[in-house]
Amino acid sequence: MTNPLQTRFAAYNAAPSGENPLLPVPYLLHSGRLLMRNGRLAFQDKRFLLGAAALTVTWTILPALHILGMDSSPIRLLTFLTFAHGGLSAGLLGAVGGVVGKAVYGSLILSLMVGKRPLTGVGAGLQRLPAALRVRGIGDTIPLLIGSGIAFLSFNFLVGRVSAQDSVIGIVASLLVVQSMGRPTGFWRGFLQSVQRAYLPAEAEERYPDRILAGLATGFALSVLLAGTAINVLGYLLGIGCAAAAILLGILLRRAKEVPAR
Amino acid sequence: MSKRALRFFIYAALFVSLLPNVTHAQGEQVGRWVLVEAIDYDFAEQWAEMNKSPVYSYEPSYSGGTYSVTWTYKGESDNYYNPPVVHGESLAIQATWSAPPREIPAGQQVSLSLSIGVLANTQSFFAGSGSTSAYFDEANMPPGSISRNALRFVSPDGRDSFEVTKQGNYATVAETVVATPRAGGAEGDRMALIVSFFSFGRLGTGYVYEWEPAPPPVPETSPAGAAPATTEPPAVREEPPVVGDEPPAEATPDRTASTVSALAKAIAISLVSASLAAVATAGSRLGGLGASPHSLVELIDKIWGAGGEQGYQKLVNSLHQALSRRMDDLYQTSAKLGHSKATATVLRRANTLTKTVRTLKAMGRGMSMGLSWGGIGLDALENMQDLNREDGSLIAGDGLLTAAGKSVMANAVLTRVLEANPAVAVMEAATFATLGDTQAGGIVSPVTSMKGAMNMAMDAALDPRKAIDRASAGAYGENLKNTVEAARLSQEALDDPAKFFAELGQVGNDADFYRNMQETASTMWRDEDGNVGYVGAAGEAVTQMGVAITQTAAEMAKAAGHVAGTLFERASLSINRFFD
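Heads up: the sequence lines are chains G and F, in that order. Under numbering that gives the first Met the number 0, the letters of the first sequence match residues 0 to 261, in that order. Under numbering that gives the first Met the number 0, the letters of the second sequence match residues 0 to 579, in that order.
It is possible that part of the hints are untrue.
[To be verified] Pulled a few chain G residues facing chain F out of the computed Cβ check, cut under 10 Å: (1) L28; (2) F42; (3) L67; (4) S71; (5) S72; (6) G86; (7) G105; (8) I108; (9) M112; (10) F156; (11) A245.
[To be verified] Simulated restraints on C-beta separations: (12) G:L132 with F:L262: 38 to 46 Å; (13) G:L132 with F:T171: 46 to 54 Å; (14) G:R135 with F:A173: 52 to 60 Å.
[As the list claims (entries may be wrong)] Some chain F residues flagged as far from chain G (calculated, every beta-carbon gap over 10 Å): (15) A43; (16) P82; (17) V85; (18) A91; (19) Q108; (20) A138; (21) V207; (22) E211; (23) M449; (24) D468; (25) S471.
Just so you know, the hints here were simulated from the structure itself, not pulled from any lab data. Cβ coordinates follow ideal geometry from the N, Cα and C atoms, glycine included.
Starting from the given sequences, assemble the full structure and let the hints guide the process.
Okay, here's the thing in C-alpha cells:
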C-alpha cells in the first residue's frame, strides 16, 4: 500500500524542469512565488486588512502632525516606536528604502495583530550567536565583515538619512536576523545556504551562513549607534569599508594559500 | 508574544509617552525663553591654521546672520588632469539666516528662513561644497558639536541640513525650517539656538536664551463680574502662534504647497508600506509551521464548542483540512531544503517546538481540550512518517485514519494526565528550555515518554511486530527504545544463555565499547549542530565521569572474575579428579 504522504511528497517535489530549488535564483523565484501565493490571503482576511489600515493611519497621522508643526515629545516617541518617519527623507532612494523598512517593521506588528508569534526563534538564534561570532582565524572574520557591511548599507538604505528618529529599524532588523538564525526554515538561512552551495568552494565551512547572519545581526545592532553621529551617509561609508576589508582579507588569504611551501 | 505581554507593552509605551507630555503641559504657558546673548563663533584660529597652506587660501566672513567663505587655489596650474588644475580657481559660498526671535514663549514653534548659494564659482578641477543647519542645544555648545538632546530645525519635507554641491549643480537652496524648543526648568535655565555653516571650515552663531518663568497665577478672589485682581497678562499671550521674523507659515502659498506635497508623500508611502507588510506577513512563514493563521489557530476556532453529529462532522472536516495544510507546509519545507537530514531536523525541531509551546500554553490556561485537539495534527503526521530499521529497510508509517485515531487518543490521555499533574508540564518545559532538541532531552522529556508508551501500546494491539520495530527505530522516544533493546537482550539471554554471557563477557574487553560510550556521552547532550547549553555541558561532564567509573568498575570486575574463574577452574579440576 502506498503511503499517501510519500505520494504527495513525490508530487510536490516534481519541480518544473530545469529548476533546482537549491540554487540562489530559483530559490528566490520559488520563495517569491510562495510569498505571492500566500500573500494573496492578506486581501481576503479581515484581520490583515484591518491591521494594514491601522498601520496606514498611524504612519500617516504621525508624520502629518510633524509636518503641521506639532513636534512634541510624545509624537517624537511614537514616531520613533512606529518607524513612522521612514521613507520621508533622502529623496527617492530614501522613499524606497523607507517603504521596504516599513514593510519589514509592519509585518512584525501585523503578526502580533493576527495572533502569530513574531519572535519565535529569537531565543534559539541568540543561543547560536556566540558560536557564530567566535573567531578562530582571520578567515572567520570575512563572513562577519560581509554581514556587517550589508547591515550598515541596508540600515542607511532603510532610514534614508541616519537619524535617531528612525533607528528603531536597526533594532527590529537585528532581531529578525537573530530570529532567522534560530529558524532552520527561515528565508535568509535558506538563501545563504543556496549561495554557499552555488558560489563557495566545497571546503567552505558549514557555519558560513550562520556567520554572515551573525555579522548582519551585529551590524544592524551597531547601526543604531550611528544615529548619534549625525553623519547622514555613515552607514554607506561603513558598509563599503567592511566590504572592502572583507575583499582585501579574502585576496590576502587566497594568496597566502597559493604561495608554495619552500 | 502573548496577548498579556502585548497589552503590557502597549500600556508601558503609552505611559512612557505620556510622561513627557504631562511635563510639557505643566511647562506650557508658564514662562518664556529670552534672548540674552549672541556668541559669534569665527573659529579664527582654525582658519589661520588652514591659511598656512601654500596652495589654498580661505576668506571666512560673518556679519549679522550671513556667513560666507571664499576658497582659492594658489598652487600652480597642471594640465595633466582633466579637467585641469588651474591657478586661481575659486569658490565662494554664502548662507543667510533670518534673525531668531528675542523671546520664545514655552511650547511655541520657532520658524527661521535660510538660503544657501554660490556667490562666485570659477572652479575647474576642484569641487567644493557648503552646508548649513540650525538646532536648539545646550548653551555652551559650539557650532559643529551637537549633544544627544539637540533639537534640529527641519523643513516641511523633514530635512535638517541644506547644502550646495557640484552634484546638485550648486543650485541655491531656500527653505523655511521650524522647531519647538523644550520648556525651561528653573529660572536662569539656559539653552542656545545654534546656527552652523560649513564650507571648507566652520562658522556659526550661538543665540543664548535664558528661561523666565511666569509669575504664579493669582487666585480669583474678586466677586463675579469684577475685574480679576491680576496684573496685565504676560507678554507670551500676545505673541503670534509662530514666532520669528517670517510671516505666519500658513500665509505662504509655497509652504502650503510643500506641506500638501509632504502629506501626500506620507500617505502614499504609508499605504504602500502597509500593503506590503500585509502581504509579507500573510506570505511568510514568520509564525513557523505551527502558527499559520489557516491551520492550527483556525482549527481551534472552528471546533471550539463543536458538538453532536454536525459538530463531529465539522471536526472531522476541519481535521482533514488542517492536516492537509500542515502537509503542504511540510512539502514546502522539504522542497526548499531538499530531501536530506536537514529536512528531518527541521521537521523534528518544528514538532518539538510546537509541542513545547502547546505545553506552556496549557500551563498558563489550564489545559484546554481545544489545544489538545490542536496537537493532534502534528502527532498524526509524526505517526505517518516512514522510519528506517538499523539495516536501512523501511518501516511503513500509519495510514491517515490510524495515525489520526492514535493521535486523538494519546493526546486525550495526555491532557488528562497533565491536568492532574501540572508539575509534569513544568518539567517538560524545563527540559526543553535546558536541553532543547537533544538525545538527552528526549530521554528526560516526560511528554515524549508518555506519548511514546501510549502509541506503542496502541501499535502493539494492532501489530506487535511493527510496534517493536518502531520502538527500536526510536519512534516512541529514547526510553522506550532502550527498554525494547533491554528486552531484546533479555530474550537472547533466555534463548541462548551461554552465547549471551560469552558476548557480555567480551564487552568489558572491547576498547571500542568504551570509546562509543564516551562519544555517546558527548553527543547525547548536543543538538544536530553540535551546540551544547549550560545544562548540557554539566550533563556531559557527569556522563563522561559515569563512563569512566563504569570502565574502572568493569576492569575491577574483570580482575575479580579472573581470580574467581581460576579458583573455580581449580575447584572443578579437584572435584573431577575426586570422581575420577
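Results of checking the hints against the structure:
1. L28: violated, 12 Å
2. F42: Check passed: Cβ of F42 of chain G comes within 8 Å of chain F, closer than 10 Å.
3. L67: holds, 7 Å
4. S71: This hint holds: S71 of chain G lies near chain F, its Cβ roughly 6 Å from the closest one there, short of 10 Å.
5. S72: holds, 3 Å
6. G86: holds, 4 Å
7. G105: holds, 3 Å
8. I108: holds, 7 Å
9. M112: Holds - the Cβ of M112 of chain G comes within 10 Å of chain F, reaching about 9 Å at its closest.
10. F156: At about 15 Å, which exceeds the 10 Å cut-off, the nearest Cβ of chain F leaves the hint on F156 of chain G violated.
11. A245: Violated, because the Cβ-Cβ distance from A245 of chain G to chain F comes to roughly 24 Å (cut-off 10 Å).
12. G:L132 with F:L262: 38 to 46 Å: holds, 44 Å
13. G:L132 with F:T171: 46 to 54 Å: holds, 49 Å
14. G:R135 with F:A173: 52 to 60 Å: holds, 58 Å
15. A43: Nearest chain G Cβ is 25 Å from A43 of chain F, so the label holds.
16. P82: holds, 25 Å
17. V85: The assertion about V85 of chain F holds, with a minimum of 29 Å to chain G.
18. A91: holds, 25 Å
19. Q108: violated, 5 Å
20. A138: holds, 19 Å
21. V207: Consistent with the label, V207 of chain F stays out of reach of chain G, its closest Cβ about 21 Å off (over 10 Å).
22. E211: holds, 21 Å
23. M449: M449 of chain F clear of chain G: closest Cβ-Cβ about 25 Å, beyond 10 Å.
24. D468: Per Cβ check, D468 of chain F is outside 10 Å of chain G; nearest 16 Å; holds.
25. S471: holds, 20 Å
Checked against the numbered hints listed earlier, the structure breaks hints 1, 10, 11, 19; every other hint is satisfied.
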